[in-house]
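Put together the whole structure using the sequences plus the hints.
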Amino acid sequence: MTQQSLFHIEARDNAASLFKNIGVILHQDSTFLQSVINSAISLTTQNEIDLLTLKHHNITAQYGYSEERIILYTLAVSSFIFVLVTYGLVKTRRLSISLNKAKQSEQRSYKQIQWLMTLLDSLPTLISIHDQTNKLVLSNSAFNKQRDLCITAGNDQKSCWLKQAESQAQNTLALGIWKTIKCHCSGHEKHFRVIRQRVMNSSDESYYTVTVLDDLTRWEAQQRELEISNTKAQEAIKARDLFLAIVSHELRTPIAAMIGLMELLSTKIECKDNMELLSNAQISAERLKLLVSDILDISKMEANQLHLESRNSNIYQELCPIFRTFETHARLNNLNFKVDWKTGSINTASLDWLRVTQILNNLLNK
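Mapped onto UniProt numbering, the consecutive letters of the sequence shown carry residue numbers 1 to 366.
Quick caveat, the hints were computed from the structure, so don't treat them as lab data.
Even glycine gets a Cβ: it sits at the ideal position worked out from N, Cα and C.
Hints should not be assumed to be uniformly reliable.
What the hints assert, rightly or not - 16 Å max Cα-Cα, derived EDC-like pairs, lysine to aspartate or glutamate: (1) LYS190 <-> ASP214; (2) LYS338 <-> GLU327; (3) LYS145 <-> ASP214; (4) LYS190 <-> GLU235; (5) LYS145 <-> ASP215; (6) LYS289 <-> GLU250; (7) LYS101 <-> ASP121; (8) LYS145 <-> ASP121.
Stated by the list, open to error - What follows is a set of in silico ranges between Cβ atoms, one per label pair, in the way DEER data are often shown: (9) HIS249 <-> ARG331: 32 to 38 Å; (10) VAL356 <-> GLU225: 42 to 48 Å; (11) LEU363 <-> LYS238: 30 to 36 Å; (12) LEU288 <-> ALA239: 21 to 27 Å; (13) ARG218 <-> ALA102: 45 to 51 Å; (14) LYS103 <-> GLN197: 58 to 64 Å; (15) GLU309 <-> LEU226: 34 to 40 Å.
The structure is reproduced here in structure tokens:
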């Protein structure tokens with residue numbers, strides 16, 4: 001039930017018009033009730049009537065909503081506030097998680113940058129990164145050290161090789177390739193290997209130029225020294241080969257004459273003992289001839305020109321003279337020389353007997 005259905009308020013200009021005369025109708029047989037009411041009215045004075053009238057002059061009007069509507073509105077407002085609070089808490093939670101992730105990502109990025117700086121600082125090469133306006137963005141400790149030296153020298157290109165190297169790299173070197181450049185700094189010549197590469201930052205799509213300067217001055221000096229040493233070594237080898245060729249040629253002439261004289265002498269000796277001594281002398285001369293050949297073989301081996309000449313021959317005829325020669329040397333030196341050689345069915349072999357003789361001579365001479 002609404003307020004309009006309970007009350008009907010009318011506005012009046014005259015307050016007297018608000019009074020209404022009322023009467024009481026009784027049953028004609030109710031004489032007693034009539035006498036009681038008449039007695040009560042007769043005993044009521046005008047003051048009492050005025051007092052009763054005054055008590056009813058004040059009218060208190062209360063306006064509002066019904067309890068059901070108030071409860072409905074309260075529930076609606078409470079639900080709305082609850083939804084707002086819940087949404088705010090969820091949003092705050094998500095924002096907090098996003099902030100924590102961003103903070104962790106920032107910490108990881110900072111650690112990666114620190115690790116990258118540590119790695120760059122450990123390199124001896126000079127590394128610098130410039131933006132599109134050629135402003136220095138990042139550099140390692142080697143670059144910073146040299147840059148501080150240039151600042152101390154007043155950035156003079158004659159005394160600051162870093163300025164010269166950067167200037168030559170920017171003017172002559174294209175991106176994506178490397179080149180060796182040379183500059184004259186304080187009266188000294190310095191060599192550098194320069195690498196310039198353009199990289200793009202995926203976050204803002206901006207380009208940066210990475211420049212790597214590697215000091216090759218010491219390496220170039222070592223290369224020059226190596227070339228000089230190599231030239232001297234080649235000259236020494238040529239001189240040695242010439243000396244060996246001359247020595248071998250000069251030695252072969254008297255050895256050939258000595259072997260020829262021994263062959264002539266062998267035809268005139270009839271004593272068996274003397275003949276055996278002469279035979280040993282001939283074998284020694286042949287060994288000396290082989291030693292001269294060894295001198296020439298050294299040069300051939302170094303020039304990769306040594307070739308083997310194999311031929312079929314009797315093993316005993318080739319090796320026994322060598323053993324007899326060393327038997328004589330052992331006897332002269334009071335040494336026991338014994339050959340433990342078990343004969344078999346194989347008597348011939350295809351070998352380079354000159355090389356076999358050289359090998360045996362080298363082994364038995366030790």
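Results of checking the hints against the structure:
In summary, the hint linking LYS190 to ASP214 is supported, as the alpha carbons are separated by about 11 Å, within the 16 Å threshold. Annotation: proposed proximity of LYS338 to GLU327 holds, straight-line Cα distance about 8 Å (limit 16 Å). Taking the CA atoms of LYS145 and ASP214, the gap is about 14 Å. The hint holds against a cut of 16 Å. Between LYS190 and GLU235 the alpha-carbon distance is near 30 Å, which puts this suggested pair outside the 16 Å criterion.
Between the alpha carbons of LYS145 and ASP215 the distance comes to roughly 14 Å, so the proposed pair stays at or under 16 Å and holds. Using a Cα cut-off of 16 Å, the hinted pair LYS289 and GLU250 holds, with the two alpha carbons roughly 12 Å apart. For the given pair, LYS101 sits about 30 Å from ASP121 by alpha-carbon distance, which is inconsistent with the 16 Å threshold. Distance hint between LYS145 and ASP121 is fulfilled; the C-alpha atoms sit about 11 Å from each other, no more than 16 Å.
Our hint of 32 to 38 Å for HIS249 and ARG331 holds, since their Cβ atoms are close to 35 Å apart. Take VAL356 and GLU225: their Cβ atoms lie about 44 Å apart, and the range 42 to 48 Å holds. Taking 30 to 36 Å as the suggested C-beta distance range, the pair LEU363 and LYS238 conforms, at roughly 32 Å. One distance hint, 21 to 27 Å for the beta-carbon pair LEU288 and ALA239, holds here, with the actual separation near 25 Å.
Separated by about 48 Å at the C-beta atoms, ARG218 and ALA102 satisfy the suggested range of 45 to 51 Å. At roughly 33 Å, the beta-carbon separation of LYS103 and GLN197 lies outside the given 58 to 64 Å, and the hint is violated. Here the CB-CB span from GLU309 to LEU226 is close to 39 Å, well matched to the stated 34 to 40 Å.
Violated hints, in rising order: 4, 7, 14; the structure is consistent with all others.
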